[in-house]
Amino acid sequence: MKWRLLASVLGVLLSTPVAAQEKPGPNQPAAQAPQRENPQGRPTPTQPALPDGARTFRDLEYVPGGHERQKLDLYLPKEGRQLPLLVWVHGGAWRAGSKDTCPALSFVREGYVVASINYRLSQHAIFPAQIEDCKAAIRWLRANAGQYGIDADRIGVWGSSAGGHLVALLGTAGDAKQFEKGEHLEWSSRVQAVCDWFGPTDFTQMNKAGSSMDHDAADSPESHLIGGPIQNNKEKTARANPITYVSRDDPPFLIMHGDRDPLVPMNQSELLEAALKSAGVEVTFHVVKGAGHGFGGPELTRMVREFFARHLKPRKPLAD
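Just so you know, the sequence shown maps onto residues 1 to 320 in this note's numbering.
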């Protein structure tokens, strides 16, 4: 009973990307019919304002006729072609969260196309459904790059917590063909830059660093994700760990983690950093002093902007 209460709390805490205390929206009602383009790009309370003239496309199916969660939203600058793409992947312990909360929207002003994706949650399908969906979304975006003014060779991904885990997998498992399912298989799902905010990277090592939660428990988020207790299913667990797939051709990584995170211990980011460095991959690891499971602020935003600017080379910021 105690763990079930903690797990319920975790689902709330992990469902928002940068402010862990903010409550998530309702737990995924059936999706409504896709909305038409919204030229005004009016902000919602959960996301930054878009610049004047920005265009919005909601509930685009990246798997035609698929699950109600296999949809994404696109946000485009007023004008421009061959623009870099930044994809946001939400957190939520793989069983909550929504594309509607997207802190990356501020990048539209910097000349990026921004996508925010939903994916099947662990109550819908166990791993690898989640990374299969993320890869399917990247392939769909590449296949439709011309229609939306995207440069298919400049794609970055950013996610927090469970979303951090999935973007790390997009970075390290770029060539893992076993995760390529569905449409547009002629297109690559590789990405060119990864920003991982406090994502789990080696599930079996989470308890060793100390945590307010028992990640080895049969009803932990990680165990729910793989379909069984992680310590009793080592092969399945290894398959879900981003650290398993690290190789020298992985894209550059920016990793951020609070040193007081009570849910995902900081050793998860330390282990990934060490593995990437050992493989010769460019990686920057920034410890956010005093931060728990969720953080934000202008200095961290600046670091993220500079990272993606360095590797995706966006155009100059748009005027209001």
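Hints in this document: simulated from the structure, not taken from any laboratory. Mixed in with the good hints, there may be bad ones.
What the hints assert, rightly or not - Derived CB-CB ranges, DEER-like:
(1) K277 with E235: 24 to 30 Å
(2) E68 with A152: 32 to 38 Å
(3) K234 with A125: 48 to 54 Å
(4) K181 with G80: 18 to 24 Å
(5) P262 with K78: 28 to 34 Å
(6) G280 with A49: 14 to 20 Å
(7) E68 with Q231: 29 to 35 Å
(8) M303 with S211: 44 to 50 Å
(9) K289 with N232: 35 to 41 Å
(10) L185 with R302: 34 to 40 Å
These numbers come from a predicted model, not from an experiment. Built from N, CA and C at the ideal position, the CB exists for glycine as well.
Results of checking the hints against the structure:
The hinted range of 24 to 30 Å is satisfied by K277 and E235, whose Cβ atoms lie roughly 26 Å apart. Our hint of 32 to 38 Å for E68 and A152 is violated, since their Cβ atoms are close to 27 Å apart. Between K234 and A125 the Cβ separation comes to about 21 Å, which falls outside the hinted range of 48 to 54 Å. At about 32 Å, the beta-carbon gap between K181 and G80 misses the expected band of 18 to 24 Å.
Range check, P262 to K78: Cβ separation about 42 Å, and the 28 to 34 Å hint is violated. Separation of G280 from A49 is about 40 Å and departs from the stated range, judged on CB atoms against 14 to 20 Å. Look at E68 against Q231: about 33 Å separates their beta carbons, and that is inside 29 to 35 Å. Taken as a hint, the range 44 to 50 Å is violated for the pair M303 and S211, whose Cβ atoms sit roughly 26 Å apart.
At about 37 Å, the beta-carbon gap between K289 and N232 stays in the expected band of 35 to 41 Å. With their beta carbons about 38 Å apart, L185 and R302 fall inside the hinted range of 34 to 40 Å.
The structure shown violates the earlier hints numbered 2, 3, 4, 5, 6, 8.
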